[in-house]
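Given the structure of chain A, go ahead and fit chain B onto it with the hints provided.
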Amino acid sequence: MEALYFPAVSGARAQQVRLDTIAHNLANLETDGFKAVRAEFAAVPPQQYLVARAGEAVLGPVRVGAGVEVIGTTRQYTLGPIEVTGDPFDLTLSGPDTFVATQLADGTIAYRRSGRLSLDGAGRLIFEDGSLLQPPVTLPAGTQLDRIAPDGTIYARTADGTGTQAIGQIQLVRFPNPQGLLAAGQGRWLATEAAGQPETGIPGEATWPPVLSGVREHSNVDLVDQMTQLIMAQRAYTANLRALQTIDELIEIATRLRQ
Amino acid sequence: MIRTIYEAAAGMMAQFARQLTLSTNLANIDTPGYKQQESTIRDFQQMFLLRLANGQANPVGTLSTAVRWDQPRVDTRQGALVETGRPLDLAIAGNAFFAVQTPDGVEYTRDGRFQIDAQRRLVTADGYPVLGEQGPLVLPPGDIWVEPDGTILAGDQAIGRLLLLEFPPDAELTLVAGNRYRTDAQGVPSQTAGVSQGFIEASNVDLTQTLTDMLAATRSYQLAARTLQLADETLRLAVNSVGRISQG
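Line by line, the protein sequences are chains A and B. To convert, note that position 205 of the first sequence is 214 in the numbering used here; the numbers rise steadily by one, no gaps. To convert, note that position 116 of the second sequence is 117 in the numbering used here; the numbers rise steadily by one, no gaps.
Some hints could be false.
Derived contacts from chain A toward chain B, CB cut-off under 8 angstroms, selection only [claimed, not checked]:
#1 Leu13
#2 Ala23
#3 Gln188
In silico contact screen, one side only, chain B against chain A (beta carbon under 10 angstroms); selected entries [claimed, not checked]:
#4 Gln20
#5 Gly34
#6 Gly143
#7 Leu216
#8 Asn241
Coverage of chain A stretches by chain B, computed from C-beta distances (three or more under 8 angstroms per stretch; other residues unrestricted) [stated by the list, open to error]:
#9 38-51
#10 76-84
#11 172-186
#12 201-215
#13 238-249
#14 254-266
Worth flagging that the hints you see were computed from the coordinates, not collected in a lab. Built from N, CA and C at the ideal position, the CB exists for glycine as well.
Next up, chain A with everything else stripped away, as it sits in the complex:
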């Protein structure tokens, strides 16, 4: 009996999940470096429903589609709008699915797409969440941070202010399957088995994109697109409830056949 309601119920439920992802995206409209999420649906394979016999009229076996299921969410790793901040230590990666490694306070390695680099008490380069840039870069005593070159080289101004020296280089990390990464909040991503073995590279070399400094990557959530999705999800939800109601009416008619 419940199977009869399932197609419509699964449809309404799928739209609820879609609404959840839209709400999540909209909530992160202003989160720098956020990547929009999309709910992914797939049709449930048909099941044998009716094997009925009405006099000579044998109905079936009939395979009727069984609804829809949510198979997960995917992230859209497209570049968000870029804002020029002028701060040379605002770092953004121009390749949509490249990351820079950082080490959290508990030793865990996490990955970031963007962030503002600054110094901790020991002169090491850290991101705004306190995580250490990997491989680590330490500012030599008496020098001052100067700039980050497109190839990731970090320059410091020498003590006498007359020149600059390279003090380290930012390395990029890429995963075969970035969809497998775990979003851990605060702009952090964690590696998983599904994401595959990370490979590292130098910005600007071969297929590796250069890094951008002095710019900040905003959330790639597109407001108009999300609002359109919202309207469509609401319409689809209503239509599925309508189907549910209709099926229910038919069942009621059947039960009232014998009065």
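For chain B alone, coordinates are given in the frame of chain A:
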């Protein structure tokens, strides 16, 4: 009289199954690559009546007994192409399917939400390898471009071509898990279908048409239910009243 009851019941069942198919289509209104299922309700096989008289059979005409519910057909009409900007979203324009290697053999799909798995193979959203003309496609790191003819380029180098198969119009497609279809028909590489990178093919379910069909199915069902009740009522009168000898 009994026949009317059976016919009406058959009508109700057929309309109910149609309603389930319509519900399923509505549930998949946002499923990329989904092809709506079309219910086919048709007259039950017609019978040819013969009257026997004096050992001679005289044809009197045909009689249709009920309705019959057939397997829903897959409506392969093109869905709208929707831009997503995701480089691994691929949509087919034209009459062809992507081939997917699954444990149950090769299956076919129009759902081009592809990904790269941990072994760098191009896979479907649920992780099965997408087939190129030379088997599964393994993609190098970095950006890839997909040409309209299905050729995949990394930089300037072609690393394979998607297998785009076309099936005869009467091929029976069976929907299986993951938006894929199975068929016994033999596919041939398509000469006409094109691939659009950064697009997905939306479900081809037509909301307005589906809701209208739902109304029609409900009305037909109600009508059949009413017919059944009337037949039952008539039968009741016949059983209870005819042949009763008046006491008055």
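Against the structure, the hints:
no., hint, in the structure
1, Leu13, "holds (7 angstroms)"
2, Ala23, "holds (7 angstroms)"
3, Gln188, "holds (5 angstroms)"
4, Gln20, "holds (6 angstroms)"
5, Gly34, "holds (9 angstroms)"
6, Gly143, "holds (3 angstroms)"
7, Leu216, "holds (8 angstroms)"
8, Asn241, "violated (16 angstroms)"
9, 38-51, "holds (count 4)"
10, 76-84, "holds (count 5)"
11, 172-186, "holds (count 3)"
12, 201-215, "holds (count 7)"
13, 238-249, "holds (count 6)"
14, 254-266, "holds (count 7)"
Violated hint: 8 only; the structure is consistent with all others.
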